[in-house]
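There are 4 protein chains.
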Amino acid sequence: MSPLTGKWFIEYTHPSQAHMYGIERYVYDGKTPFQSIEIVDTDFFGRCLILNGKIQSAEFDEYIYHETLVHPAMVAHPLPEEILVVGGGEGAALREILKHPSVKKLVMVDIDQEVVKLCQDHLPAWSKGAFEDPRVKVHFMDARKYLEENKTKWDVIIIDLTEPLDHDSPSHLLFTKEFYKMVAQRVKEKGGIALQADNLNPRLLQYHGSLYNTLKLAFKHVDSYGAYIPSFDSKWGFIYASQDYCAADLQPATIDKRLEERDIRNLLYYDGLTHLNMFSLTKDIRTMRSQEKRIIEDHNPFFTY
Amino acid sequence: MSPLTGKWFIEYTHPSQAHMYGIERYVYDGKTPFQSIEIVDTDFFGRCLILNGKIQSAEFDEYIYHETLVHPAMVAHPLPEEILVVGGGEGAALREILKHPSVKKLVMVDIDQEVVKLCQDHLPAWSKGAFEDPRVKVHFMDARKYLEENKTKWDVIIIDLTEPLDHDSPSHLLFTKEFYKMVAQRVKEKGGIALQADNLNPRLLQYHGSLYNTLKLAFKHVDSYGAYIPSFDSKWGFIYASQDYCAADLQPATIDKRLEERDIRNLLYYDGLTHLNMFSLTKDIRTMRSQEKRIIEDHNPFFTY
Amino acid sequence: MSPLTGKWFIEYTHPSQAHMYGIERYVYDGKTPFQSIEIVDTDFFGRCLILNGKIQSAEFDEYIYHETLVHPAMVAHPLPEEILVVGGGEGAALREILKHPSVKKLVMVDIDQEVVKLCQDHLPAWSKGAFEDPRVKVHFMDARKYLEENKTKWDVIIIDLTEPLDHDSPSHLLFTKEFYKMVAQRVKEKGGIALQADNLNPRLLQYHGSLYNTLKLAFKHVDSYGAYIPSFDSKWGFIYASQDYCAADLQPATIDKRLEERDIRNLLYYDGLTHLNMFSLTKDIRTMRSQEKRIIEDHNPFFTY
Amino acid sequence: MSPLTGKWFIEYTHPSQAHMYGIERYVYDGKTPFQSIEIVDTDFFGRCLILNGKIQSAEFDEYIYHETLVHPAMVAHPLPEEILVVGGGEGAALREILKHPSVKKLVMVDIDQEVVKLCQDHLPAWSKGAFEDPRVKVHFMDARKYLEENKTKWDVIIIDLTEPLDHDSPSHLLFTKEFYKMVAQRVKEKGGIALQADNLNPRLLQYHGSLYNTLKLAFKHVDSYGAYIPSFDSKWGFIYASQDYCAADLQPATIDKRLEERDIRNLLYYDGLTHLNMFSLTKDIRTMRSQEKRIIEDHNPFFTY
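Chains as they are written, first to last, in the numbering used here: chain F, 28 to 332; chain A, 28 to 332; chain Z, 28 to 332; chain L, 28 to 332.
Chain F on its own, in the form it takes in the complex (with noise of 0.2 Å):
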């Protein structure tokens, strides 16, 4: 039992807050260009990506993550065929998109090729196969250099980065004003786009209230939903926006009859009513949302702890 190996991985979310993860086994731990990472497994959430000390996903509950981020703007198209990701480097996000049958092209775009090289051979349930699918492709280069230089729009942007840490983090001009007007740009008529947007935590709401603001600058409609991420300790918040469509106004029974109509069975999480859920905010979170004013810009960007 994994106590007994000693080795734990301990997640510092404050300075007087942390959570310890019992490991099983260190199956990688390097440093690729960009950041660190670490793939362990462990007894309670199974195997496990960390990058720069954070949990990223675990095998255990990565389908909450995944399906809260790409369905909920997959459904809100009424077809969606031309869908871009900008991150999302363990290809789990890309084999949820795929059960969407509309799909025509599907074209990632992470920084990072060693961490989806190690994804690939070591985590090969996130992506089941994904990037094998002839209708992928991806492309290893900064996200906001791929969109400055290609004009293409999409019907679906599904934006899966990690908050930036400093200066020389890898995401750091991806959350900004400047890169969401320019996302906004590349979106159909119609289309939508979704992010992971931090946490939800009413006392660390200060990140994705921000993202909130920041987004309302490009986009007409702007909906926070969250779901709460048992390997992340916390209700992990997410935002969908859209110059047509307010996610949260779609009703169950819309959600359940698109996922049957595209014959998607197989979800673990999402459907009508888990829409419901992610849709209608406490109220602590509203008042806590509405309190914060900050704007994130280029010249002025925010780092997570």
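Since the hints were made in silico from the structure, they are not lab data.
Where hints are given, some of them may not hold.
Identical copies go unnamed one by one, so any copy, or any two together, can satisfy a pair.
What the hints assert, rightly or not - Within a straight-line C-alpha distance of at most 20 Å, the following computed SDA-like cross-link-like pairs (lysine to any residue) qualify: (1) Lys-81 x Glu-51; (2) Lys-310 x Asp-283; (3) Lys-310 x Ile-291; (4) Lys-215 x Gly-73; (5) Lys-284 x Lys-310; (6) Lys-310 x Leu-294; (7) Lys-284 x His-248; (8) Lys-164 x Met-315; (9) Lys-310 x Tyr-90; (10) Lys-81 x Ala-45; (11) Lys-310 x Glu-287; (12) Lys-132 x Arg-74; (13) Lys-58 x His-149; (14) Lys-284 x Pro-191; (15) Lys-310 x Ala-280; (16) Lys-284 x Ile-66; (17) Lys-310 x Thr-281; (18) Lys-144 x Pro-161; (19) Lys-310 x Phe-87; (20) Lys-81 x Pro-161; (21) Lys-172 x Lys-204; (22) Lys-310 x Glu-86; (23) Lys-126 x Glu-38; (24) Lys-81 x Trp-35.
Here the structure of chain F is known, so what remains is to put chains A, Z and L in place on it, guided by the hints.
The following block gives chains A, Z and L in isolation, referenced to the frame of chain F:
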């Protein structure tokens, strides 16, 4: 800052999973005839109450726990006048119940007089004077014995107990089919009960699922609901049960209207939209709960980790 | 058993090294005008005193620390009559000194009256009534000021102080060349001083080495010595200094003879063979100490981690 | 800096006592047929070898352990030529033994070929080429079986084994009276043996005391000795046993003379004065050891925590 003190409280949820809380100060550290009790100040969560090595409530987020425990059952009832609280030593359930102006009689039965006294001394923000309210009466005795001896019926019964650790735990016979059947007989027509009902982490759903099954044997309508509680590091489970109402069917507008009619304007967590969030369980929890078949009985108790 | 309580005290000796002590009970947790103080019960080491987040002494092994601090200097002196203790609030140094029947006058100067009071209340086994001995007199004041104002000379001076953490630490000017030179002037002929002198871990020898160098400027003979103290997780350093004696040259037989002549029979740690162990430093410590060149001065203090 | 990695190794010496080591990198994490093995880089102690969840040796201070294990026995012998090492997979005992120029034949018997291979690959500084020395021969087999089958006698036998955790531990029958009696028959006249012999913390002296008692049944002279090893957080015990010599009686000048005659000048830890330190046990350890009466036998083994 807390970490410099070297004082940590480490709560295990599993042999290989733990949460570390940096402690500013141990305000009280002792034992009552029934349990160990610590009252601590933390930098992150403010003052916290710990019973038998488990965080019970924290200054920062006890509003989530207590509003969630109390208001759905109180709002579901059109005119709650006579209320019983089983357990709930901190007095915060009393505080929330008294916000409903129709309340005429409020009885609390808690076995541990010393905990109640320590909470009044050290956690006054929890009860906010509720113990001095003339409608409130407290009996220090075993709740099962109280219910056996008192045949009075109640509009709402709120059960706020910690799961038993072993046969010696005072709550040992307060989580069983036999107990809930007796509770059901003490509820008036149109009435209902609400209880805290263990972790909703899908990996740890055994206790919640068993409680759900057990309550189904005593009540016609049983609804699981949940709230993410940061200091518990988890989405926490609650159950509403009634012979007459299905709380999950209450519409947000109805909730908001009743709160307004009762002139309850100072809630931090609960309103119509929050009610929707609470009662819309995600698909994985519904699935896991349906797989749990256990019934808790006097001769077949369920002890927690 | 302790781990079940969830209460831990974690002491860092370095950013990546720490010792975890399972706590049974926080007996006292507070602050004096000079320092933070905790008195705790542990399963392994019994009752412990913690000042400013560092274990000072433990019921189980304080005999090692205090016998080591006191007896070499007392035995080295042929007839110690007038003794000064600088610091030493717990009273255990007094207890050991009073075992020498020649003692006529024993003065302790400690700045923190509150710590002394708390130790008398909660750690009575440390002082074992020494504060009530008619030969003992305690002054609550800054030791440097005391020595400036009182020109009395002493047979033995025992210095039992914690290293300063910063300029605000009350011991800030009690570890410097200027202080030791004044101390040297307060020692009678044939007299000597002993002090606790930081960690002897060869990786952490900077403080000890600096103290050794600094004392060499004030005394003719300076001897490092050490004792492994389990509750410190370390071999701990002490220094004996004198104008007349070299404690390291005292033979085991001489030590045992003097202890017998003085009818001191109840020591747990110190005797002739132990003296040999204490003063025979291992080669690595001798090497590392010789590489440390620093001198501690009033205007060039040395703060500990 | 290490703590930022979140990776910690926590070694318990008791249910309520533990040491936390911040890990830079897991170089290797696996299992052999006989034990679990981790090779890690730490900021404080450099590279470390961990077997079965216990730190075995650290780059920073393995010189203390291995010089202490090897040199007293080698120096006590006037002309050590044929040496047997039981266990000692890292090869550092070989390295130290080969510093004695009289050595003609050096055989190591270790059950775990995989550990030896991993140490050669990842801990080359431990063996410093010793495995390539033509005088060295390694047998991968159970040491008890080896000694039963090989009646050869040796000048010095060095036993470097980890205490058994249970009946399945490969060293289960290598710490017993029966084993030591056989070892005694394999020592030539004027020869002796040395072994690592568990913790010298006076609170944890049961194993050391039992080994001492057990060896007394096989050898005429048995001397406990110790060294403080920072990475073990403890004073560690060793035993020298012989039919002819009492190592504790060797004078510092004799030690230094023999080291000089053998032209051994590059030791970091061991010399005459260090020998004095090692063999002068403090009074508390002598007392505690004398209170331990246990004998370890094949049918009455002693398992460690």
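Hints, one by one, checked against the model:
no.	hint	verdict
1	Lys-81 x Glu-51	both (17 Å within a copy, 15 Å between copies)
2	Lys-310 x Asp-283	between (26 Å within a copy, 12 Å between copies)
3	Lys-310 x Ile-291	between (32 Å within a copy, 14 Å between copies)
4	Lys-215 x Gly-73	neither (39 Å within a copy, 48 Å between copies)
5	Lys-284 x Lys-310	between (29 Å within a copy, 16 Å between copies)
6	Lys-310 x Leu-294	between (28 Å within a copy, 9 Å between copies)
7	Lys-284 x His-248	neither (23 Å within a copy, 27 Å between copies)
8	Lys-164 x Met-315	neither (40 Å within a copy, 36 Å between copies)
9	Lys-310 x Tyr-90	between (26 Å within a copy, 11 Å between copies)
10	Lys-81 x Ala-45	both (11 Å within a copy, 16 Å between copies)
11	Lys-310 x Glu-287	between (32 Å within a copy, 15 Å between copies)
12	Lys-132 x Arg-74	neither (30 Å within a copy, 48 Å between copies)
13	Lys-58 x His-149	both (15 Å within a copy, 19 Å between copies)
14	Lys-284 x Pro-191	neither (38 Å within a copy, 44 Å between copies)
15	Lys-310 x Ala-280	between (25 Å within a copy, 14 Å between copies)
16	Lys-284 x Ile-66	neither (38 Å within a copy, 51 Å between copies)
17	Lys-310 x Thr-281	between (25 Å within a copy, 16 Å between copies)
18	Lys-144 x Pro-161	within (18 Å within a copy, 44 Å between copies)
19	Lys-310 x Phe-87	between (29 Å within a copy, 15 Å between copies)
20	Lys-81 x Pro-161	neither (32 Å within a copy, 49 Å between copies)
21	Lys-172 x Lys-204	within (15 Å within a copy, 61 Å between copies)
22	Lys-310 x Glu-86	between (31 Å within a copy, 18 Å between copies)
23	Lys-126 x Glu-38	neither (33 Å within a copy, 40 Å between copies)
24	Lys-81 x Trp-35	both (13 Å within a copy, 14 Å between copies)
The structure fails hints 4, 7, 8, 12, 14, 16, 20, 23 (numbered hints given earlier, in ascending order).
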